[in-house]
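Engineer: Taken in order, these protein sequences are the chains called A and X.
Using my numbering, read the first sequence as starting at 1 and increasing by one per residue.
Using my numbering, read the second sequence as starting at 1 and increasing by one per residue.
Since the hints were made in silico from the structure, they are not lab data.
Hints may contain errors.
Listed next, the in silico DSSO-like pairs over lysine-lysine satisfying Cα-Cα at most 27 Å (straight line) [claimed, not checked]:
1) A:Lys14 to X:Lys280
2) X:Lys280 to A:Lys63
3) A:Lys204 to A:Lys14
4) A:Lys171 to A:Lys63
5) A:Lys204 to A:Lys63
6) A:Lys243 to A:Lys221
Derived coverage of chain A by chain X (criterion: at least 3 residues anywhere in the stretch with Cβ under 8 Å from a Cβ of chain X; other residues may be distant) [what the hints assert, rightly or not]:
7) 80-90
8) 255-262
This structure is a prediction, so every number in the text was calculated from the model and none was measured.
Don't be surprised by glycine CBs; every beta carbon is placed ideally from N, CA and C.
Below, each chain spelled out in residue letters.
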Amino acid sequence: MIEARDLTKRYGDKLAVDHLSFTVEPGRVTGFLGPNGAGKSTTMRLILGLDRPLSGTATINGKRYADIAQPLRTVGALLEARAMHTGRSAYNHLLFLAQTQGLPRSRVDQVLGLVGLTEVARKRTGGFSLGMSQRVGIAVALLGDPQILILDEPVNGLDPEGILWIRNLMKQLASEGRTVFVSSHLMNEMAVTADHLIVIGRGKLLAETSTQDFIERSSEKYVLVRSPDAATLAGLVAAAGGKAEPENTAEGQAPALRVSNLDAPRIGQIAAADNIVLHELTPRLASLEEAYMELTADSLEYGLPAARPPAPGAQPASSEPAPATAQGRTE
Amino acid sequence: MTSASPPVQAARPGTSRTPAVSGAAGFGRLLLSEWTKIRSVRSTVWSLVLLVVVTFGFTGLFTWLTILQWDKSGAASRAQIRADPVSTILGSGLEFGQLTICVLGVLVITSEYSTGVIRASLLAVPRRTPMLAAKALVFAVLVLIVGWIVTFPSFFLGAAILHSHAPVSLSDPGVARAVIGAGLYLCVLGLFAMGLGGIIRHTAGAITGVIAFVLVLAPLTQLIPGKIGKYVHAYLPTEAGQLIGQAHQQANQVLSPWEGFGVFCLWTAVLLVIAGYLLKTRDA
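So here's chain A without its partners, still in its complex pose (with noise of 0.2 Å):
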């Protein structure tokens, strides 16, 4: 278990993290979830005591990382794939590692054949692709065999086989109850993934809940109606308890609304009764992704005005369709 209690910290005057609570408890993966710059490498190192706290503290299993014994025996992480000596073989990299813990070299061997480097292993990481650096940051994690596992953008440079595998492992190791809290800053690669969330921006805590709670209260239900006489259809709507807004429309199409509370068959039936036309007429479900840039947009610490996201549903071409989403709850 990870507890983080008033977490702060403090980079000359920006405020990298800001009193932030949370807990990451084991037998789950734990998504650790916010834009770039939003503090989350930061908590992490806090929690592994590379980074000093200005207050607060991080806690695993109740100690501080800096007083555990033999400490890549209960906590394993992955920070930047690329930290390695470029002229280092992989096995080396991690027989030092080993050493230090007290570990067998036959240890070595077996995480570099669990992430699939032996063939590899005993050539100079300068020459290894991302993907191949950031499987070596896995088989470090995992050398010590530990119970928690703290991982920051596993899947960057992963091709998607690698990221289907780094998934799969992330399952199965938090199946074996081990703690696994992993970090990114994409929405939907944590939505098939994390079974909790704990959502981040400028540092302070926005969202700490389940998967699916943020998928079922995000996922907002809409209907896109697009007719020539719109104002006539929004005032019947309106009339039978629907909520109708104007959408945005492109130049040459008829203005559409985006109407809640009704479903499509009731919106059709309005219609057809006072006779108006209907060029579309489409249920709607926001994407996650969606909820989450809404959720994040307050707090994004590089984004660009062109870069903020659009009102809800002003660009309904990216809404995902509900079977996206309902993957996203069944996994």
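Assemble the complex: chain A is given as a structure, and chain X must be docked to it using the hints.
Structural biologist: What follows is chain X alone, placed relative to chain A:
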């Protein structure tokens, strides 16, 4: 990716748990780990090979040139060489060879910062200072051994070349101590560079700093007039440290060979303590 992803079923580290080892062997394990680190990068091998080649080569070259110039050189300089031939021999080659140790000493620690390995190292040894202590000890022993491997042959080579004009033997008073001391000097110089590297943390900056101490400060302080200049110069780290490579203290010198070496050790200890303190307190 060169190989297919292994099946997830293979991901069962739980089945391979090794018995926990008691903390008693802790420091020994760190020494082993630091030895693996230092032997597994090529900069170590190249620096040490360069140390041997440069020192041995320049010792031969300079002593040979000394003999060639013998008749043209002044009586005073001839007398000085005759009075302390071992100092002439060791001073010639090591003056250049020592630069490789300056660079290696810095690299041993700054390369961890430049590559990011320091994070992995500190995650494994979160108390931090034992890691620095183990690194210093392993590096010191390595440089000491290689130092003697280079100073003894260099001495014998130089002595053979000088033999006709300034004979010297290992059994002469102070000579064995000077040759052994030259190895000790290299060892402490390595630690001095490592300490500065640990403080500065950047390779280029730290190498510049060490070179400034070794090559630049000494001539500068000689410009300070009077007794103050003489004392400041004498207590500079490498000026003091190099005295151990002399057979005996000369009349105009402030410090004896062992006193000089002690001053150098003190400088080095201070730098290492500062480096250890900063390692412990700074964010990695």
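Engineer: Taking each numbered hint in turn, which are not upheld by the structure, reported in ascending numerical order?
Structural biologist: 8
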